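**Student:** Fit chain P to the supplied structure of chain V, relying on the hints for placement.
Residue numbers (our numbering), protein chains in the order written: chain V, 1 to 377; chain P, 378 to 680.
Derived by calculation from the structure, the hints in this document are not laboratory data. It should be emphasised that the depicted structure is a prediction, and the values quoted were computed from it without experimental measurement. Treat each hint with caution, since some may be false.
Cross-link-like lysine-lysine pairs, in silico, DSSO-like; alpha carbons within 27 Å at most [stated by the list, open to error]:
#1 K108/V <-> K236/V
#2 K42/V <-> K187/V
#3 K283/V <-> K362/V
#4 K45/V <-> K91/V
#5 K371/V <-> K571/P
#6 K450/P <-> K236/V
#7 K434/P <-> K363/V
#8 K362/V <-> K340/V
#9 K271/V <-> K191/V
#10 K42/V <-> K86/V
#11 K371/V <-> K187/V
#12 K358/V <-> K571/P
#13 K363/V <-> K450/P
#14 K276/V <-> K321/V
#15 K371/V <-> K450/P
#16 K450/P <-> K362/V
#17 K276/V <-> K345/V
#18 K362/V <-> K434/P
#19 K114/V <-> K450/P
#20 K45/V <-> K153/V
#21 K233/V <-> K450/P
#22 K434/P <-> K108/V
#23 K340/V <-> K153/V
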Amino acid sequence: MHVRTTRGLALVAVAAAAALALSGCAGSAAPKSGDGASVDFKTVKSAKDAGGLEALVAAAEKEGALNVIALPHDWANYGEIIAAFKAKYPKIKMNEITPDASSSEEIKAAEANKGTDQAPDVFDLGATVALASTDYFAPYKVATWADVPDTLKDADGLYVADIGGYVSVGYDSAKYPEPKSLDDLLKPEYKGAVALNGDPMKAGAAIAAVGWASVQSGGTLDDFTPGIDFFAKLNKAGNFVKVQATTATIVQGETPVVINWDYLNATATEKVPTWKTVILPGKGYAGYYFQAINVDAPHPAAARLWQEFLYTDEAQNMWLKGGARPSRGEAMAKAGTIDKALYEKLPAAPTDAVLPTKEQSKKAGETITEKWAAAVQ
Amino acid sequence: MTTDTITRRGAGLTKARPRGRGLPFAPALGLLPFAIYITVFLGIPAVLAVLSGFQTKRGAFTLNNLGVFTDPKVLATFGSTIWLAAVAAIIGAILGVLICLALLGLPATSRVRTFTNAATSVLAQFGGVTLAFAFIATVGRTGLLTQFLDNTLGINIVENGVWLYSLGGLVLPYVYFSTPLMVITFMPALAALKPQWAEANLALGGTRLGFWRHIGIPVLAPSFFASLLLLFAGAFSAYATAAALVSQGAPIVPIGIENALTSESVLGRAGIAGVYATGMILVVVVVMFAYARIQQRAERWQR
Numbered sequence: 001m002h003v004r005t006t007r008g009l010a011l012v013a014v015a016a017a018a019a020l021a022l023s024g025c026a027g028s029a030a031p032k033s034g035d036g037a038s039v040d041f042k043t044v045k046s047a048k049d050a051g052g053l054e055a056l057v058a059a060a061e062k063e064g065a066l067n068v069i070a071l072p073h074d075w076a077n078y079g080e081i082i083a084a085f086k087a088k089y090p091k092i093k094m095n096e097i098t099p100d101a102s103s104s105e106e107i108k109a110a111e112a113n114k115g116t117d118q119a120p121d122v123f124d125l126g127a128t129v130a131l132a133s134t135d136y137f138a139p140y141k142v143a144t145w146a147d148v149p150d151t152l153k154d155a156d157g158l159y160v161a162d163i164g165g166y167v168s169v170g171y172d173s174a175k176y177p178e179p180k181s182l183d184d185l186l187k188p189e190y191k192g193a194v195a196l197n198g199d200p201m202k203a204g205a206a207i208a209a210v211g212w213a214s215v216q217s218g219g220t221l222d223d224f225t226p227g228i229d230f231f232a233k234l235n236k237a238g239n240f241v242k243v244q245a246t247t248a249t250i251v252q253g254e255t256p257v258v259i260n261w262d263y264l265n266a267t268a269t270e271k272v273p274t275w276k277t278v279i280l281p282g283k284g285y286a287g288y289y290f291q292a293i294n295v296d297a298p299h300p301a302a303a304r305l306w307q308e309f310l311y312t313d314e315a316q317n318m319w320l321k322g323g324a325r326p327s328r329g330e331a332m333a334k335a336g337t338i339d340k341a342l343y344e345k346l347p348a349a350p351t352d353a354v355l356p357t358k359e360q361s362k363k364a365g366e367t368i369t370e371k372w373a374a375a376v377q
Numbered sequence: 378m379t380t381d382t383i384t385r386r387g388a389g390l391t392k393a394r395p396r397g398r399g400l401p402f403a404p405a406l407g408l409l410p411f412a413i414y415i416t417v418f419l420g421i422p423a424v425l426a427v428l429s430g431f432q433t434k435r436g437a438f439t440l441n442n443l444g445v446f447t448d449p450k451v452l453a454t455f456g457s458t459i460w461l462a463a464v465a466a467i468i469g470a471i472l473g474v475l476i477c478l479a480l481l482g483l484p485a486t487s488r489v490r491t492f493t494n495a496a497t498s499v500l501a502q503f504g505g506v507t508l509a510f511a512f513i514a515t516v517g518r519t520g521l522l523t524q525f526l527d528n529t530l531g532i533n534i535v536e537n538g539v540w541l542y543s544l545g546g547l548v549l550p551y552v553y554f555s556t557p558l559m560v561i562t563f564m565p566a567l568a569a570l571k572p573q574w575a576e577a578n579l580a581l582g583g584t585r586l587g588f589w590r591h592i593g594i595p596v597l598a599p600s601f602f603a604s605l606l607l608l609f610a611g612a613f614s615a616y617a618t619a620a621a622l623v624s625q626g627a628p629i630v631p632i633g634i635e636n637a638l639t640s641e642s643v644l645g646r647a648g649i650a651g652v653y654a655t656g657m658i659l660v661v662v663v664v665m666f667a668y669a670r671i672q673q674r675a676e677r678w679q680r
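Bound conformation, chain V alone (with noise of 0.2 Å):
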């Protein structure tokens, strides 16, 4: 009874909240809204578009559902999310579309069941792709905006970064040493261990990795032949591994060192405990994933309250129990608004990181695609 009483209460406070807001924003948006239900939240551009979120909750409710794709449940703690957004709107009937769809086939989804109920609401993708797709995307500004750095965001809301993180060195430390450097990978202690999570000819955690080898070695991101160059000696040592690392590899052994993000690195302890990770000194490479509301989603209202629901302090703090950097996370640990043990949990970010620009990732690909395939055979 009490707990529900709270509830209560928590409801009529938020209820009342957002009315401030609604009144708040009803000078500006009038205009365009007058009154709520002839809202057109294909083209709403924020809650306060909307008529504050309160608005968008009843549009989104009145969807009844939201279609993601490509969000596997092992990734940065996906799964916790959505069981929470579910358990927060139970009128919203989550469909799950694809979990381990590759950033080119969410596109790819959305233009073959274009106009269909079926189509993506939302994208959650690598950076080549985000930044290639703009075309697909609807401008939506969540209202903690501003918290997400200028680098990390299109000034138009096109695409939001949500996760990020650094390349790191994985491994079972209860059966080989810890990396110091990119060169202790050469050593024959390493014989047959070293693998990469996918193919950098189409996955971007595998592109990273040849990114990070390439500063690592002293290289730029203007050219990643250096990286390609160390997984060729990598492989004439014959400490790359072929199968791409996964959970089931690693736990079952065959992939015991794992370049990949430390985000996805970290939820491998969960399984095996002597996992540990570690970001190599030196320059770091960082990678982060964006979010984009899809313009021809089905359920317009529903992707932007979902949008909204991943930039609260809630879902931000799940990301970051996940392992990954949630891209708002500066602002909250300075608010004091993060999960302060997750925080320092992560382990230490690089001094010196480098994020590819769209034209150095482009090139990247021509150089993987062009080179790749010889240096490892």
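**Tutor:** Just chain P now, kept in the frame of chain V:
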């Protein structure tokens, strides 16, 4: 009793005939579900795949994608795919023939033979990710056999890296599903060798070796090559097993197609995938054409 049967048979005939005349399409009608199935799941996708090879990103017609065939890397990929399929098919065919010969020595009703028949039917379909993991668990870095050999005999089969995850390493799982397929396709041909021919050969003073040289091998050769081609086509188009084992460098065409379709590093290469698919379809069409021709010859002796 006898009259009864005859009348019934006669009645059946008279009934059947007018039905046949009235509906000349009746036999074709029975084929319709299969024809629809093949059209929807093979015909249309194949046409779409080929067409996608001749389209730009925006859907206009182009021949530019064909340019990839001038790229030595692409040709090398086709080369290594053909090499892999050929090696797996030849080894699988030889092993399959040996198993067939061994089985021939047993009576058709023997338990070993029935068991082998059942096992080959199952194993020929045992492919994909399951097979890949079976091999990882056996001869991978921490595989059972790898560990056993290392612990008991001191032989380290992964000393220079895990060979299972290379192009050559793929031969082993490919042979694993090719061999039972060979047994299935070749056994009927071998079983159709009439004992009378052997007897005639002996009666005319021929030797055992002479029988194989002048009768056995010439009669079986078409069946053998037809089966070999079937094995080749199967291995050439296999994808899932290879993808689960070799994730680096796309050494074979089917993985190259997957890369071109899903790549996050280089975008908009769907046309290239279409051209790859066209190349594969061409190879398989040639192989299947040869198969059909050889099969015609083989059937001569199986009546």
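**Student:** Now, for every hint given, state plainly whether the structure supports it.
**Tutor:** Evaluated hints:
For the hint pairing K108/V with K236/V, the CA-to-CA distance comes to about 37 Å; that exceeds 27 Å, so the pair is violated. About 56 Å separates the Cα atoms of K42/V and K187/V, which puts this hinted pair outside 27 Å; it is violated. For the given pair, K283/V sits about 21 Å from K362/V by alpha-carbon distance, which is consistent with the 27 Å threshold. Taken as a hint, the K45/V and K91/V pair is honoured in the structure, with Cα atoms around 23 Å apart against an allowance of 27 Å.
Restraint check for K371/V and K571/P: the C-alpha separation of about 57 Å exceeds 27 Å, so the hint is violated. Under the criterion of a C-alpha separation no larger than 27 Å, the hint pairing K450/P with K236/V is consistent with the structure, at around 20 Å. Simply put, K434/P and K363/V have alpha-carbon atoms about 19 Å apart, close enough for the 27 Å limit, and the pair holds. For the proposed pair K362/V and K340/V, the alpha carbon gap of about 37 Å is over 27 Å, so the pair is violated.
For the given pair, K271/V sits about 23 Å from K191/V by alpha-carbon distance, which is consistent with the 27 Å threshold. About 22 Å separates the Cα atoms of K42/V and K86/V, which keeps this hinted pair within 27 Å; it holds. Between K371/V and K187/V, the direct Cα distance comes to roughly 24 Å. Compliance with the 27 Å bound is thereby established for this hinted pair. For the suggested pair K358/V and K571/P, the alpha carbons sit about 71 Å apart, so the restraint of at most 27 Å is broken.
For the suggested pair K363/V and K450/P, the alpha carbons sit about 19 Å apart, so the restraint of at most 27 Å is met. This hinted pair checks out: K276/V and K321/V have alpha carbons roughly 16 Å apart, not beyond 27 Å. Pair hint K371/V plus K450/P holds up; C-alpha atoms about 10 Å apart against a cutoff of 27 Å. A distance of roughly 20 Å separates the Cα atoms of K450/P and K362/V; the hinted pair therefore holds under the 27 Å criterion.
Taking the CA atoms of K276/V and K345/V, the gap is about 12 Å. The hint holds against a cut of 27 Å. Simply put, K362/V and K434/P have alpha-carbon atoms about 17 Å apart, close enough for the 27 Å limit, and the pair holds. Among the hinted pairs, K114/V with K450/P is inconsistent with the structure: their alpha-carbon atoms are about 36 Å apart, more than 27 Å. In summary, the hint linking K45/V to K153/V is supported, as the alpha carbons are separated by about 15 Å, within the 27 Å threshold.
The hinted pair formed by K233/V and K450/P meets the criterion: a straight-line CA distance of about 20 Å does not exceed 27 Å. Straight-line distance between C-alpha atoms of K434/P and K108/V comes to about 12 Å, which keeps the hinted pair within the 27 Å bound. With a CA separation close to 25 Å, the supplied pair K340/V and K153/V stays within the 27 Å bound.
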